[in-house]
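Undergrad: Could you put together the complete structure from these sequences and hints?
There are 2 protein chains.
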Amino acid sequence: MTMLKSTSFDDLEIGSQGTFSKTLTERDIVLFGDTSGDINPLHFDEEYASSTMFKGRVAHGMWSAGLISTCIGTVMPGPGSIYLGQELVFKLPVRIGDTLTVSLTVKEKNDRRKFVVIDCQVRNQHGKLVVCGDAKVMPPEVSAEVEAPRLPDIQIEHNPGDAWKH
Amino acid sequence: MTMLKSTSFDDLEIGSQGTFSKTLTERDIVLFGDTSGDINPLHFDEEYASSTMFKGRVAHGMWSAGLISTCIGTVMPGPGSIYLGQELVFKLPVRIGDTLTVSLTVKEKNDRRKFVVIDCQVRNQHGKLVVCGDAKVMPPEVSAEVEAPRLPDIQIEHNPGDAWKH
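Chains as they are written, first to last, in my numbering: chain L, 1 to 166; chain E, 1001 to 1166.
These are calculated hints, taken from the structure and not from any lab test.
Keep in mind that the hints are not guaranteed to be accurate.
To be verified - Covered by chain E, according to a simulated footprint, are these stretches of chain L (three or more residues, beta-carbon under 8 Å): (1) 20 to 28; (2) 56 to 63; (3) 88 to 95; (4) 104 to 113; (5) 141 to 149.
Using N, Cα and C, we set each Cβ at its ideal position, and we do this for glycine too.
TA: Listed below in structure tokens is the structure:
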């Protein structure tokens, strides 16, 4: 059983940090395309993508941004947080095999309205900034631990003729 | 064969619009949780989620935000766009069965740097604003049509004991 910890507004300090890493796979791109409906061929069709300035398939920008949300919702402040807003600047493309690391740092605490502003940086395995921007989050009222859900298994059935397999 | 149209910087005008709709399913939440790694029980565990201010499971905020990206990448400006940035304000939770509609409107054209600023609004089936914020996008150099990729089939294998099925 995996437990997720959360940190309350009172227990967070300016400078409190959280981190989360994930390596982009083919599977991640397919699942993101399905759940979002974003079938832009830049993400699936190598032949098309090679003809663009990206010179090959890249992840959806919002996939990288989603890792920020993952870090906020499961690491810091963790479950019980209320996500109020997010600024995103997309700096670099992400390709299959790239490992992204989210680094969050609390930069501001609003005592009256009980929210924090978090500096968010997502870097690739070369240390290059991929996505950045501030998040505005209302942390939970009390620090706690909660059991992580176990997601169902997912099978992808490849169709050899599909454009995304080029 | 489905074709996706794109609109170049020159062919976009202040006031140009694009729209995209999607209804949130159980499947969408599971796929988003898997691809992002965001297993916050708020999205999967009905018992836990009922104990929060949301009074039940809700979608990942970034799932709703992802629909904005889908509309930008597949509708307006469409394939060939370069996503430079996005502001997001999360206004309301989204539940399974809710139908979200993204409405994009070009509000600014930067002729020197060839990007547009797009007003983005995501509303639910009751017309209530769920997510909003400006996007900064570099449209393609020429308007075109490109074949939409067909994604592979995805099967979800439910495990009766999983917390997410509560």
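Undergrad: Determine for every hint whether it applies to the structure shown.
TA: Each hint, compared with the structure:
Counting residues of the segment 20 to 28 of chain L whose CB lies closer than 8 Å to any CB of chain E gives 4, which reaches the minimum of 3, so the coverage claim holds. Counting residues of the segment 56 to 63 of chain L whose CB lies closer than 8 Å to any CB of chain E gives 4, which reaches the minimum of 3, so the coverage claim holds. Counting residues of the segment 88 to 95 of chain L whose C-beta sits closer than 8 Å to any C-beta of chain E gives 3, which meets the bar of three, so the coverage hint holds. Coverage of a stretch by a chain is defined here by at least three residues with a beta carbon nearer than 8 Å to that chain's beta carbons; for the segment 104 to 113 of chain L and chain E the count is 0, and the condition is violated.
With 4 residues carrying a beta carbon less than 8 Å from a beta carbon of chain E, the segment 141 to 149 of chain L meets the three-residue requirement, and the given coverage holds.
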